[in-house]
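These protein sequences, in sequence, are chains L and W. As numbered in my numbering, residues 1 to 663 make up the first sequence, in order. As numbered in my numbering, residues 1001 to 1227 make up the second sequence, in order.
FYI, nobody ran anything at the bench for these hints, they're computed from the structure. Hints may be right or wrong, so weigh each one.
Unchecked claim - Straight-line C-alpha distance at most 25 Å; calculated DSS-like pairs for lysine-lysine:
# : chain 1 : residue 1 : chain 2 : residue 2
1 : W       : 1121      : L       : 110
2 : L       : 494       : L       : 319
3 : W       : 1116      : L       : 111
4 : L       : 10        : W       : 1203
5 : L       : 199       : L       : 15
6 : L       : 653       : L       : 16
7 : L       : 562       : L       : 247
Said to hold, decoys possible - Here's a subset of chain W near chain L, in silico, CB distances under 8 Å, partners left out:
#  : residue
8  : 1057
9  : 1111
10 : 1154
The model shown is predicted, which means the values in this text are computed figures rather than measured ones. Note that beta-carbon positions come from the ideal geometry of N, C-alpha and C, so glycine has one too.
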Amino acid sequence: MNILCSFALKQIKRKKGRTAITAAAIALSAALLTAVVNFAASGRAMLVGFLGKDYGLYGGAYMTMLLVPAVFLAALIIAMSVIVISNAFRMSANERIAQFGTLKCVGATKKQIYQTIMYECVLLCTFAIPVGIFCGYLFSFLGIAAANLYMEELNVLVRSMMRQVSFSLSFVFSPTALIVSVMVSLGTVLFAAMLPARKAMRISALDCLRNGGETDTSGCKRTRIAVAAKGKIEYQLARKNVSSYRKRMHSAVTAFSLSIMLFITLSGLREIAVGIQDYIHMDYGYPVIADYTSNFHNTINPATGRRQQECAFPITAKKAEEITTKLREYEETDIYGDGQDYTTYVAVLTPQDLTEELRQVLADKYGEEQADTILEVERIILDEKHYGELCAQAGIEDGGTILLNDYHYNDNGTERHIVPLSETVSALQLEKADGSRDTIQIDAVLTLPEIPKQLLYPNTNPVRLVVPSEGVSVRGYNWMAAPADEEGFMAYAKDVLESYFPQNGLDYGEAGYTSRVFGAQDFAKIMNIAIVLAAFFLYAFVFLLGLIGVLNVISTVSFQIKLRAREFAVLQSVGMPSESVRKMLTMESVLCAGKALIVGLPVGLTIVLLLAHSVKTLFPIPFHMPWTAIIITICISFLVMWGTVRISANALKKQNIIETIRT
Amino acid sequence: MEVLEVKELTKIYGSGDNQVTALDHVSFQVKKGEFVAIVGASGSGKSTLMNLMGGIDRPTSGTVTVDGQQIFGMSESALAIFRRRNIGIVYQFYNLIPNLTVDENIMLPCLLDNRKPDAQKLTKIIEMTGLSHRRNHLPGELSGGQQQRVSVGRALINDPAFILADEPTGNLDSKAGREIIELLTTANRNANQTLILITHDEKIALQADRILTISDGKIIRDEVMRV
Chain L
1 MNILCSFALK
11 QIKRKKGRTA
21 ITAAAIALSA
31 ALLTAVVNFA
41 ASGRAMLVGF
51 LGKDYGLYGG
61 AYMTMLLVPA
71 VFLAALIIAM
81 SVIVISNAFR
91 MSANERIAQF
101 GTLKCVGATK
111 KQIYQTIMYE
121 CVLLCTFAIP
131 VGIFCGYLFS
141 FLGIAAANLY
151 MEELNVLVRS
161 MMRQVSFSLS
171 FVFSPTALIV
181 SVMVSLGTVL
191 FAAMLPARKA
201 MRISALDCLR
211 NGGETDTSGC
221 KRTRIAVAAK
231 GKIEYQLARK
241 NVSSYRKRMH
251 SAVTAFSLSI
261 MLFITLSGLR
271 EIAVGIQDYI
281 HMDYGYPVIA
291 DYTSNFHNTI
301 NPATGRRQQE
311 CAFPITAKKA
321 EEITTKLREY
331 EETDIYGDGQ
341 DYTTYVAVLT
351 PQDLTEELRQ
361 VLADKYGEEQ
371 ADTILEVERI
381 ILDEKHYGEL
391 CAQAGIEDGG
401 TILLNDYHYN
411 DNGTERHIVP
421 LSETVSALQL
431 EKADGSRDTI
441 QIDAVLTLPE
451 IPKQLLYPNT
461 NPVRLVVPSE
471 GVSVRGYNWM
481 AAPADEEGFM
491 AYAKDVLESY
501 FPQNGLDYGE
511 AGYTSRVFGA
521 QDFAKIMNIA
531 IVLAAFFLYA
541 FVFLLGLIGV
551 LNVISTVSFQ
561 IKLRAREFAV
571 LQSVGMPSES
581 VRKMLTMESV
591 LCAGKALIVG
601 LPVGLTIVLL
611 LAHSVKTLFP
621 IPFHMPWTAI
631 IITICISFLV
641 MWGTVRISAN
651 ALKKQNIIET
661 IRT
Chain W
1001 MEVLEVKELT
1011 KIYGSGDNQV
1021 TALDHVSFQV
1031 KKGEFVAIVG
1041 ASGSGKSTLM
1051 NLMGGIDRPT
1061 SGTVTVDGQQ
1071 IFGMSESALA
1081 IFRRRNIGIV
1091 YQFYNLIPNL
1101 TVDENIMLPC
1111 LLDNRKPDAQ
1121 KLTKIIEMTG
1131 LSHRRNHLPG
1141 ELSGGQQQRV
1151 SVGRALINDP
1161 AFILADEPTG
1171 NLDSKAGREI
1181 IELLTTANRN
1191 ANQTLILITH
1201 DEKIALQADR
1211 ILTISDGKII
1221 RDEVMRV
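The shape of chain L in the complex, shown without the other chains:
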């Protein structure tokens, strides 16, 4: 065997503890990279199964959605791995610097010193990368199995609402993915080892011999913290040491900060996702929903230049009422039927028609106030029974028009309700896209406390009118039901809808319309499954990446303590009790953990705040600080640092002070 290779092998055998930690870091890095590449390959296989080989019309977008997170995660893994593995080899090189000095003196070239470290890296890789790749495949196999536990439930839910889908994530063994995993893992590790190897080869033989194991003298900075007679000496020394050795601890603190940042960001993301889920989830007291939606397309009216909607198969109020009646025939079932039309009319409103609050909202949204305001009108029709009840509640006869005078909007993360139209409005001038105008009389006005909860849903217009259904056609209609036997009713409702709107097995929208029967909780369930799945994978990812960071902390801290054994022996020899040395080290660990937290926590929280800020523009959800994650992070950070220091410091107990000083 080549002498340099023999050196590397002997170093690996001699430093079993650190070798194990470095090998674990390399294996974890390779495992994570393999898992990400394999998930991307499996995801691609799922897309091909779902969209066809050419990925369909939006294939590019789907592939981007798949590849961007994969590349982002891979970049994070590579960054973390380079920091950690590079640090491991730097420590290995530092430890042997006196040896390198001797080798240089007896005639080793720079290249040979470089090769010694690179051999060590290659030897570790030959063992750790195959283990890592195997673990990566195992992670992805287990991950895919876990995902598939939820996948069928997701398919059933999506099928009931959208289309005949069959999402199935299957474990894919792709030779290309394997080659990519091996190449990226190997490249990452070689690059990481190359950095300290190049540094070690540049140090002169004389410096190697003089500094005997402490190559990087620049790592020991002069600090301005003075050691004074006042105050605890352990604390003063700890502060000075943390400041002096900051460069040596830099990689451990950086890797730790990165792990903290990722964990906080992920926890914040989860809070945001749960917030969105809570906002989307609407409980009207009707567990089953049947609906009908016609296909449509928007055109521009050539005469007026206004947008108009052309529905393929609008549903008439008469037909909707017939279906309502049929659905009510199912035993003990109340049906609430409502249909909306958002596009037929716009209201032409003068500033006097609008309340000050709405004027302000519109000015904020669209800029300068104009003479006339044109707003889209939401026309609502209800089933006869509930329309009658609403008229009675409003104190008018059947056949009247009721203004629902409430507008809720997202005020930068807060849901606000305002009264949009003035009390003086008694009639509205409505205009169609072709320019023809109708004046509609308002017979009654209901404000927020009086509006039934079934008519309070997200994305409403400021102008909302419940109109008599006679002669009205709408694009879509909902039948909300509260049957005693939900499953029986769903089957019955499907038959009823199929008899009116036969789909003949066609997929979503292919018949020119879609009719569905689904559970009201299904959207929430889908969202919940998506959140659980995403959280599972991302937490697993952050946990494993964090583990690499923790391994780095353990390795660095224990190495630094060993390297400073002589310093501790000197302190003890001049009268510092071993308990005080331990105290000093504990304080150093607290200060280092604090440094990692000072960087990681604010950066993580800033990312969360930025994400929350952009989400607030879409959803009125309040921001919740991820307190649990913050507390967990703080506790784990101090615990890992303190534990490592404690264990390493205990190992020093066995050393003889005089022997240590002499070395």
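Guided by the hints, dock chain W onto chain L, whose structure is given.
Same frame as chain L, now just chain W:
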């Protein structure tokens, strides 16, 4: 015939007010087979001179010629290769590789050249150093004297132009120290091996053919003890 020629060698550390002249225009020559002792007080420039003669450090000015080749004209890699083939160095603190056996440590300069030394020669050196029963031991398993003998063996393995020994007895008890000097002088007398030895010990210096006394970076005396 001269194996080593040191000419106007100057080494200045630091700059400005912190400038220290460690060696000040030092010149001398060493003949083949000569045993030269370099003596001087602490900080006189002995170690700096040795580092420069060994090609481990580079001078501010001046030249060092070994076997007719100016070593500072070489690239760093070429100088490293030249060093392992032509210069043997023995340090006060042995500087052995802890995870290599006695045999491997002695063979190290050859192994770095990707070649195995002649087995007979290796055995001869091992016998000469008295380490035949310790060939597969690691340095940590040897006494200080034994480690220094390994270091001498390593210096001898390539039949270098000269051996540079920097206080080789400084870290040893008197008996072990005597053995090391005996080993070096044997090599010098029996194999006509040029030897340059830096020492504080007057008794050891008196065994040399010639004594160079250095003070404040200058050779202040050059005495020939025997011809």
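query: Quick check: which numbered hints come out false for this structure?
result: 1, 4
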